[in-house]
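Chains as they are written, first to last, in my numbering: chain A, 1 to 291; chain B, 1 to 253; chain C, 1 to 282.
Please note that a few of the clues may not be correct.
Sample of chain B residues lacking proximity to chain C, with all beta carbon distances greater than 10 Å (derived) [stated by the list, open to error]: (1) Asp-126; (2) Arg-217; (3) Ile-239.
Partial list, derived from the structure: chain B residues whose beta carbon lies under 7 Å from chain A [what the hints assert, rightly or not]: (4) Pro-124; (5) Arg-149; (6) Pro-152; (7) Glu-201; (8) Val-204; (9) Asp-207; (10) Ser-208; (11) Phe-211; (12) Leu-213; (13) Gln-216; (14) Thr-218; (15) Phe-219; (16) Leu-223.
Straight-line alpha carbon distances no greater than 30 Å define the calculated BS3-like cross-link-like pairs of lysine-lysine that follow [stated by the list, open to error]: (17) C/Lys-95 - A/Lys-61; (18) A/Lys-189 - A/Lys-135; (19) B/Lys-123 - A/Lys-135; (20) A/Lys-195 - A/Lys-164; (21) C/Lys-95 - B/Lys-123; (22) C/Lys-197 - B/Lys-183; (23) A/Lys-224 - A/Lys-204; (24) B/Lys-3 - A/Lys-65; (25) C/Lys-197 - B/Lys-139; (26) B/Lys-3 - A/Lys-135; (27) C/Lys-268 - A/Lys-77; (28) C/Lys-91 - B/Lys-139.
Please keep in mind that the hints were generated in silico from the structure rather than gathered at the bench.
Just so we're clear, the structure is a prediction, and the values are computed from it rather than from any experiment.
Cβ coordinates follow ideal geometry from the N, Cα and C atoms, glycine included.
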Amino acid sequence: MAAAIEIKNLWVRYRGEEDYALRDVSLEIKEGEFVLLTGPSGCGKTTLCYTIVGIVPRVIKAEVKGSVSVFGLDSFKTSPAELSQYIGIVFQNPEMQLVTSSVYDEVAFSLENLGFPPEEIRRRIREVLDIVGLKGLEDRSPASLSGGQKQALAIASVLALRPKIIILDEPTSQLDPQGTRRITDLILKLKKDFKVSILAVEHKVEWAVNHVDRMIVMDNGMIKMQGRPAEIFSKKIDVERYGFRPPQVSEIAYKLLERGVILPSIPISLKDAYEIFRRVLEDGKSACRSN
Amino acid sequence: MHKLDPRAKIIWAVVVLAFSIYNGNYLLSPIYGAVIYASVIIALIISRPPAFWLKLVGILTVVVLFFSLIFWPASAPRGGVPILTIPILGWSYTDLVLNLALSKAFLVLSPIIAVITMLTTSKPGDLFQALVRCKVPYKIAYIPILALRFLPTIINEVKLIIDAQESRALNLRKGNLPSRLRKYVTIFTPLMIRMMKSAIELGVALDSKGFGLSCQRTFSKNLRWEFRDTLFLIFGGLIYVLGLIFCIMPFVR
Amino acid sequence: MSIMDGRYYTPLAIILAIIVIAIAIWGGVTFAAASGIIWERGPQVWSWGAAFLSLGFDFWRIVAGILWIVGTVLFIMELSGRTIKGKKLVKQMIKWDSIDIAIAALAAAIYGGGLVVTAGLIVIPGFTWIRPANMLAPVFGILFGIPGCIGLAFGNLIADALGGYLGFGSIGGFIGNFLLGYIPYKFMRDHSLRSSKSIFDFYLWGVLVSSLWCALYISWWLDVAQPLVGLPPLFIWGWFAPFVFVNNAIVTAIVGPALGYVLYPVVKKWGLHWSDRVTFAE
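Construct all of the structure, not just a fragment, from the sequences and the given hints.
Here's what the structure looks like:
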């Protein structure tokens, strides 16, 4: 698989700050990959996302060293118009990223800005509203949508440009469980049916751990761990050291380990946890019977 | 009214202004002024705006009529036939004074109500397109559209901040004027700080959607002048012209 | 020795403060008397209204006309990318990128929404009110520069629209409110509100001059456009002009410096202050 995003020795320091927000970050994301990026607050996750799409340093001024390329295009030198055909970003706060007064206009906005012909705009709007499940709500005001619908609309407005990569900055942080489920299903649909590469930044990792190809952990502007979620969460000491939140079932497993319970592995999902804990209980029962 | 091209509504508002100016400065006929006023009120009512606008127009009518009857008598010509006397205040109005005051009141009211009708029946996106087609730079033209989009958000934010501060025993209604004004600092300071954070988020969102990148911006739905727009303008124009003729005719005879 | 030397600030500031307080008390007392008791003599009994009218319509039309022309030239000049710096006309590079557009739009929403939501602090029930949101005007100007001033202009239009008086007269309000933010932005030498010089400048330019200029600008427009707008000259010069001046001046005098003082470091930290975003070229 070709590299969708390639980052080499990236350093970023915001204007007026002494410390670097990103330190010597090198990373590769392959085409079609679904990557989860996590870490404690302030570790540089959002800065990394903004730098990949060129918002840093174009809009938010910062000193940048190193290179970022998206499908071979230099993020710092390629025009935003060209870059937006390859990569789109959905922000954490749905309120501030919906800039028009109707669902229809919101999806049309980016296409109109980039000069697409009217007929093509109308066709893509119909297509993406169907994909994200907002068909029939074209005339609704974004303010009247639920949190999940707002995020779906934000994804639709990015999807209309048919990017090959979508970056999602904490897409479920402001959503209730129903909204989270809606967005999870949509993201999985994008990966499965449209082969879009996805980079999701998250604190709440439960919805993603079973589906991602790879997980990256950042701390203090650097990449500390990379690998499959099961590998990452099996390292209890590192999880605690870097201060990122594991799934709740993993937290339960850590507590059991502290109390001397021996577990074959650390679960990362409810299904895993059920299997592991059931086996441990059965092994425990047979140990008691034999005693 | 909602289906009409915004350009037709702008032209209609300009026509209302023109006839109101003529009546308010030359004809001075309260009857003709009332005809124009009635036409804009009917246009507003049939467009079925939220009740807030109808209430606002009602209050505005009363206030403008009141102030006109107070202020215009000083500029009215002397003489005339006394028509109206207000008992307790002792104010007396001749026909000349009433003609002037009422005509001026309608000059103020009718164009404003026409503009309200135009705004409440036009989508912000269509108004934006109309402005861009009038060669307003599209970044500048989008500022009021964006402001209108976030107005409900800001108003909610202000109400939330007021509620939060009132729950901390802030009472905006108590105290003398300077102390009440100072209390508003506790409202506007958090609002402004939120605004600055939001400005960065919004700016980043606009940039990520390609705002301002292309000089050749297109529109998904181009404004199209239809026969009903022409019909609306002809019908409206006829009302004003015929009304004018009927008001002038007694003088011509 | 120039009037702007440091040793003159304090005595000048004290003299100015005494004059303003005296005028304020005189105006306030006569306003209450005119509004409540001597009603049939009408608003010209109000001292400020009387002061305005006693100088004659012609005087105000000439003075306000000059201010109108200068204000309009400044508005067009700034929007076309030129500004006066020192004694020269220079090119002003405002990027008008998405952050500037966002600042202008949110300033418009806050100013317009603030004017509507905070509606009025009733001074005399059913008669007059003070608009607290006017305190934002000079603050938007000194913090955000031209994008902030454009936001004020559009915000006033929005408030007019929501208040039900959007019409031909609103054109005067558009540029008048732009000037409310522009005058302190342009003429204050220190925008930090952390020195006595800065606070003096704020009261001079941000309270007195900008409030008066805005009031006269809009009033002249309403007077000249009287055949189109329909407001009587007696109302414009005897009531509207002094009232707009007093409303803006009172609100910004009482709370403007506090608001600016608190917000200045936050704006600088986030790189949103106009001085961090604008460059000038000869």
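Could you tell me which of the hints above the structure violates, numbers in ascending order? 16, 24, 25
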